[in-house]
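Let's have the full structure, built from the sequences with the hints guiding it.
Protein sequences, first through last, are from chains A and B.
Heads up: the first sequence begins at 1 in the working numbering, then just goes up one per residue.
Heads up: the second sequence begins at 169 in the working numbering, then just goes up one per residue.
Worth flagging that the hints you see were computed from the coordinates, not collected in a lab.
Quick caveat, the model's predicted, so the values are computed rather than measured.
C-beta: ideal position from N, C-alpha, C; glycine also.
Just to be clear, a hint being listed does not mean it is correct.
A few chain B residues that face chain A, going by a derived Cβ cut-off under 8 Å, partial list only [unchecked claim]: (1) 229; (2) 232; (3) 234; (4) 241.
Residues per chain are reported as follows:
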Amino acid sequence: MNDIDEQLREIIPRLRRFAVSLTRNTSSADDLVQACLERALSSWGSKRTEGDLRAWLFSILYRQFLDAHRRSRRYARMLEFFTGRDDAQPSVERTVIAQSTLNAFDQLPTEQRALLLWVSVEGLSYKEVAEILDVPTGTVMSRLSRARQALRQLSDGEINRPSLRRLK
Amino acid sequence: MISMPPGERDLHAYVDHQLSDADRRMVETFLASNPEISTQVRAWQLDAQQLRAALGGALQEPANPELDPAVIRQRLKRQSRRHLASAAVLLIAVSVGGFSGWQAREMTLASPQLPMTDALQAYRLIAQQGLLPADYKVGDDGDIQGWLDRYFTQANRLPDLSSAGFKPASGRLLSTEQGAAAMVVYESQSGQKVSFYVRPPGPKNYMLPRGSRSDGELQAEYWSGSGYNYAMVSPADTAAAQMLRQTVQF
Numbered sequence: 001m002n003d004i005d006e007q008l009r010e011i012i013p014r015l016r017r018f019a020v021s022l023t024r025n026t027s028s029a030d031d032l033v034q035a036c037l038e039r040a041l042s043s044w045g046s047k048r049t050e051g052d053l054r055a056w057l058f059s060i061l062y063r064q065f066l067d068a069h070r071r072s073r074r075y076a077r078m079l080e081f082f083t084g085r086d087d088a089q090p091s092v093e094r095t096v097i098a099q100s101t102l103n104a105f106d107q108l109p110t111e112q113r114a115l116l117l118w119v120s121v122e123g124l125s126y127k128e129v130a131e132i133l134d135v136p137t138g139t140v141m142s143r144l145s146r147a148r149q150a151l152r153q154l155s156d157g158e159i160n161r162p163s164l165r166r167l168k
Numbered sequence: 169m170i171s172m173p174p175g176e177r178d179l180h181a182y183v184d185h186q187l188s189d190a191d192r193r194m195v196e197t198f199l200a201s202n203p204e205i206s207t208q209v210r211a212w213q214l215d216a217q218q219l220r221a222a223l224g225g226a227l228q229e230p231a232n233p234e235l236d237p238a239v240i241r242q243r244l245k246r247q248s249r250r251h252l253a254s255a256a257v258l259l260i261a262v263s264v265g266g267f268s269g270w271q272a273r274e275m276t277l278a279s280p281q282l283p284m285t286d287a288l289q290a291y292r293l294i295a296q297q298g299l300l301p302a303d304y305k306v307g308d309d310g311d312i313q314g315w316l317d318r319y320f321t322q323a324n325r326l327p328d329l330s331s332a333g334f335k336p337a338s339g340r341l342l343s344t345e346q347g348a349a350a351m352v353v354y355e356s357q358s359g360q361k362v363s364f365y366v367r368p369p370g371p372k373n374y375m376l377p378r379g380s381r382s383d384g385e386l387q388a389e390y391w392s393g394s395g396y397n398y399a400m401v402s403p404a405d406t407a408a409a410q411m412l413r414q415t416v417q418f
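Structure below.
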């Protein structure tokens with residue numbers, strides 16, 4: 001058990017980083033990590049598959065994030081329906097200012113952020129990512145390709161032109 | 169083994185160090201004589217490097233003691249002990265006797281929530297404390313029933329309380345875990361308020377028998393119909409409460 005805890009302690013900073021990149025908020029990121037660890041520890045015996053512990057934990061955390069996100073989206077839609085407003089619009093300003101890679105990364109959709117983090121930053125194999133997302137490896141590769149193009153475009157600031165046009 | 173010229177996927181696999189040594193060398197040879205594609209691949213590599221650098225700092229954050237595995241194990245153990253405790257009470261209760269055991273189950277497992285607590289809370293927030301503004305105010309041509317019908321299909325009609333001097337004055341939408349709820353506040357000339365509250369049934373599609381309960385200074389009459397739960401809330405021990413209690417047919 002101590003051995004497991006040691007392994008977990010090494011991975012926790014990575015889980016927190018991944019959670020921040022998903023939630024963009026440190027305190028809800030830690031809530032997410034806590035929920036992920038609780039799930040992992042309570043289903044350790046029954047669900048833990050062979051293979052990279054990190055990939056397994058990433059997949060638990062990612063699924064929990066998506067579930068929570070779906071719930072909050074439903075709630076946001078309901079609010080919008082009642083108030084006739086959509087507060088969830090990203091600000092135009094945020095779209096225009098896409099200079100650094102990190103800024104660009106932050107603007108990508110959830111799955112693309114997760115993919116780039118797993119592959120480019122954490123160095124997971126395509127196969128491991130395919131298992132997390134439960135899709136074929138080929139699908140991972142084409143989604144990764146789209147994510148890279150999107151990141152490239154945002155970093156180049158190509159997004160500026162269309163959004164400036166929208167500003168008028 | 170990949171084929172030449174490398175496809176886009178192969179180039180990504182190259183960037184991600186997921187090619188065999190032989191394949192990697194082939195791609196490198198190819199890139200050396202294809203400057204345009206090489207620039208593209210360089211840009212991807214650079215993006216990945218920058219991303220690693222930008223996110224590297226996040227690993228240096230001070231640890232959060234709440235997230236330590238030992239602490240989380242402790243928390244899980246406490247939780248499961250609580251489950252065990254309620255299971256034990258249930259077991260004892262069931263062996264003591266059928267119905268009382270069933271009641272004990274309700275007491276230990278079911279949430280202590282009494283029916284239509286949210287209706288009473290909404291009355292306090294909206295009608296008493298005025299904390300939440302109305303979404304809909306009845307004007308001269310007000311059709312508050314129409315407003316309500318936009319959100320609740322075929323719900324029970326708003327009760328007509330005009331004979332008791334109460335008229336609908338405003339409405340407010342609220343959210344519950346199961347979806348939208350709404351409260352309509354009726355007012356009398358003297359400023360007394362009663363409310364009509366409608367909400368989707370609870371998580372187990374829980375329909376309420378016609379009932380009544382008081383909670384502090386408030387009185388709630390509740391019932392179900394047409395797929396929703398309803399409550400009428402008023403201050404207890406007033407003529408209005410009396411009137412609501414006697415209005416059997418909502």
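Results of checking the hints against the structure:
1. 229: Hint holds; residue 229(B) Cβ to chain A Cβ min 7 Å, cut 8 Å.
2. 232: 5 Å, holds
3. 234: Check passed: Cβ of residue 234(B) comes within 6 Å of chain A, closer than 8 Å.
4. 241: With a minimum Cβ separation of about 6 Å from chain A (threshold 8 Å), the hint on residue 241(B) holds.
The structure shown violates none of the earlier numbered hints.
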